[in-house]
Amino acid sequence: MAKEYRLSAERLEELKQELTYLKTVREKEVAELIKEARSFGDLSENSEYDEAKNEQGKLYSRIAELDEILSNYTIIEEQESARDIVHVGNTVVVKDLEFDEQLSYQIVGSQEADPMNGRISEDSPFGRALLGQKAGKEVVVEAPAGNIRYQIVEIQR
Numbered sequence: 002m003a004k005e006y007r008l009s010a011e012r013l014e015e016l017k018q019e020l021t022y023l024k025t026v027r028e029k030e031v032a033e034l035i036k037e038a039r040s041f042g043d044l045s046e047n048s049e050y051d052e053a054k055n056e057q058g059k060l061y062s063r064i065a066e067l068d069e070i071l072s073n074y075t076i077i078e079e080q081e082s083a084r085d086i087v088h089v090g091n092t093v094v095v096k097d098l099e100f101d102e103q104l105s106y107q108i109v110g111s112q113e114a115d116p117m118n119g120r121i122s123e124d125s126p127f128g129r130a131l132l133g134q135k136a137g138k139e140v141v142v143e144a145p146a147g148n149i150r151y152q153i154v155e156i157q158r
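To get the numbering used here, take the position in the sequence shown, counting from 1, and add 1.
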């Protein structure tokens, strides 16, 4: 069974645009690189040709990945019911109980995760611990360094 990817409407549009770019503009650029590299002669010792073929492989791999995502996705919809429960798409303010500091994270689908910018995947241990919880609730996240305790301060739409 194919994996289902959860995407925001914005991310879906970005992926569609990337796929269109790769299939139209980038594919022609890589084909031109290969054509140019072939003109240099002996392909067995032609590093430009090898590099162009590697680039073509990466391009087709990314196109296949995008095709897979775009054929098995669901849009993350804002939950109308239970506004006080953490869902994908919410921004959650938590308090680290060990260091007494507040942090803010947006819970997103796995294709949109960017932890360095506060976008946590629903599939991550932290995302799984937060999903379905209410403000005021204490959650424990299992991490390699040990369990980390957080308190959910606020759930934002």
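It is worth saying that the hints were derived from the structure and are not from the lab. Glycine residues also receive a C-beta, built at the ideal position from the N, C-alpha and C atoms. Watch out, some of these pointers could steer you wrong.
Per label pair, the in silico range of CB-to-CB distance [to be verified]: (1) Asp43 with Glu19: 30 to 40 Å; (2) Phe41 with Thr21: 41 to 51 Å; (3) Glu78 with Glu19: 14 to 24 Å; (4) Arg39 with Phe100: 21 to 31 Å; (5) Asn73 with Glu37: 48 to 58 Å; (6) Val94 with Ala146: 14 to 24 Å.
Results for each hint:
no., hint, in the structure
1, Asp43 with Glu19: 30 to 40 Å, "36 Å, holds"
2, Phe41 with Thr21: 41 to 51 Å, "31 Å, violated"
3, Glu78 with Glu19: 14 to 24 Å, "23 Å, holds"
4, Arg39 with Phe100: 21 to 31 Å, "59 Å, violated"
5, Asn73 with Glu37: 48 to 58 Å, "37 Å, violated"
6, Val94 with Ala146: 14 to 24 Å, "23 Å, holds"
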